[in-house]
Amino acid sequence: MLAYPTVLVTVNVEQTEQARPPRAFHPEPFTLGHAFGRKGDAALQKRILMDALDLFVHPQEPGTIARKRYE
Amino acid sequence: MPIEMSRYCIPYTPFRGRLEESTLCLVSNAGVYAEGQPPFDLEGDLSLRKIPSDVHSGSLRIAHDHYNHSDADQDANLVFPVDRLRELVAEKKIGALTTEFIGKGFSTAMREIKERVAWEIAKEVDRLRPDIVLLTGG
Numbered sequence: 001m002l003a004y005p006t007v008l009v010t011v012n013v014e015q016t017e018q019a020r021p022p023r024a025f026h027p028e029p030f031t032l033g034h035a036f037g038r039k040g041d042a043a044l045q046k047r048i049l050m051d052a053l054d055l056f057v058h059p060q061e062p063g064t065i066a067r068k069r070y071e
Numbered sequence: 001m002p003i004e005m006s007r008y009c010i011p012y013t014p015f016r017g018r019l020e021e022s023t024l025c026l027v028s029n030a031g032v033y034a035e036g037q038p039p040f041d042l043e044g045d046l047s048l049r050k051i052p053s054d055v056h057s058g059s060l061r062i063a064h065d066h067y068n069h070s071d072a073d074q075d076a077n078l079v080f081p082v083d084r085l086r087e088l089v090a091e092k093k094i095g096a097l098t099t100e101f102i103g104k105g106f107s108t109a110m111r112e113i114k115e116r117v118a119w120e121i122a123k124e125v126d127r128l129r130p131d132i133v134l135l136t137g138g
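Chains H and B supply the protein sequences, listed in that same order. Sequential numbering of the first sequence, starting at 1, is according to my numbering. Sequential numbering of the second sequence, starting at 1, is according to my numbering.
In isolation and in its complexed conformation, chain B is listed as follows (with noise of 0.2 Å):
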């Protein structure tokens, strides 16, 4: 089924700021959570992950039957950098990091993600307050 979210118009939100001030928040829809949260249901699944920016990196997990993940199982930076993104901060070229990142799993229920998941993801990135959002896949 085609993705048509974007086909009229672009919702373009342009940023005036500097990346060395800017606080980032992560979405990935790569199937990502942390050790101890509930796996995503590989058949699919639109629930959300909240997973804290200062996770440990080999703490990742990862639900998703729809890419070959058996590298990014080793090294979760692949799909979710987070270890790259808090050496960005450290190397003050990113201001910060928000407390949470969110992880969503596979779906191919498009009507229901746009219509209702999108928002959510939107929600909670507004409560977390980023300057910028970085979006991962797979």
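Same shape as in the complex, but just chain H (with noise of 0.2 Å):
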């Protein structure tokens, strides 16, 4: 089996935080059932998105939760 690389998108910071997944993202303010914005918002979820994915290209720290705000 393969290894592959992954990116967490999480709204639940105290659990991934004990889990340490190796590149999480964590788009702020949003909360459980809105991983990725808000209903029906397109751009947004799209942003959160490539946001996310970029952790690949620029990752952090190993362990660590990346955070954006987003109004």
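Careful: at least some of the hints might be erroneous.
Said to hold, decoys possible - In silico SDA-like links for lysine to any residue, alpha-carbon gap of 20 Å or less:
| # | chain 1 | residue 1 | chain 2 | residue 2 |
| --- | --- | --- | --- | --- |
| 1 | H | Lys39 | H | Met50 |
| 2 | B | Lys93 | H | Ala42 |
| 3 | B | Lys93 | H | Arg47 |
| 4 | H | Lys39 | B | Ser57 |
| 5 | B | Lys92 | H | Ala43 |
| 6 | B | Lys114 | H | Glu17 |
| 7 | B | Lys93 | B | Ser53 |
| 8 | B | Lys92 | H | Asp54 |
| 9 | H | Lys39 | B | Gly58 |
Don't read these hints as lab results, they were simulated from the structure. All values derive from a computational prediction rather than experimental measurement.
Join the two chains into one complex using the hints; note that each chain is given alone, in its own frame.
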């Protein structure tokens, strides 16, 4: 079996801090049920998605959670 | 119960490719399944659902009692962004999607998840041969 790079989009920061995945992204201020923002807001959903995928290209320290706030 | 899957070391796999040339697999813990598939048991379910990546987002369903998914019931992209991923492929920002994505439901059986289910998911991902994997919860 090969190994695969992963990124987690999380709105459960406390649990993610315990799990320490290799790449994690938290879109603030969103909570459970809204990992990709607001319903019907495709532009915001895509921004969150691209910001999370950017961690593949510009990774942070493994085990930390990248955060970005969206209005 | 604390989750300590990575307490001592972090299983980090580097990415050396380009997103524009990469195939992505989506794996979700949000209780998402496709219409026609059996819903997850709300009390706890360790089974997986293989969801075609060309699924119509309006035919996705959520069986999960531990977060409020009333908005995601109307727009599954909030937890399972299939439409947005397909748009990114069309815009050539990512290369392609695997033929299937993987859905999982709620469970507190952490030992079984760690020792069995995580490996089942890994085998499914391996079968789909992505370059990168996007993980989502609720």
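Status of each hint after checking the structure:
1. With a C-alpha separation of about 17 Å, the suggested pairing of H:Lys39 with H:Met50 holds against the 20 Å cut-off.
2. With a C-alpha separation of about 16 Å, the suggested pair B:Lys93 and H:Ala42 falls inside the 20 Å cut-off, and the hint holds.
3. About 12 Å separates the Cα atoms of B:Lys93 and H:Arg47, which keeps this hinted pair within 20 Å; it holds.
4. With a CA separation close to 13 Å, the supplied pair H:Lys39 and B:Ser57 stays within the 20 Å bound.
5. Taking the CA atoms of B:Lys92 and H:Ala43, the gap is near 16 Å; set against the 20 Å cutoff, the hint holds.
6. With a C-alpha separation of about 17 Å, the suggested pair B:Lys114 and H:Glu17 falls inside the 20 Å cut-off, and the hint holds.
7. For the proposed pair B:Lys93 and B:Ser53, the alpha carbon gap of about 17 Å is at most 20 Å, so the pair holds.
8. Proposed proximity of B:Lys92 and H:Asp54 is supported: the alpha carbons are some 15 Å apart, at most 20 Å.
9. Restraint check for H:Lys39 and B:Gly58: satisfied, since their Cα atoms lie roughly 13 Å apart, inside the 20 Å limit.
Checked against the numbered hints above, the structure breaks none of them.
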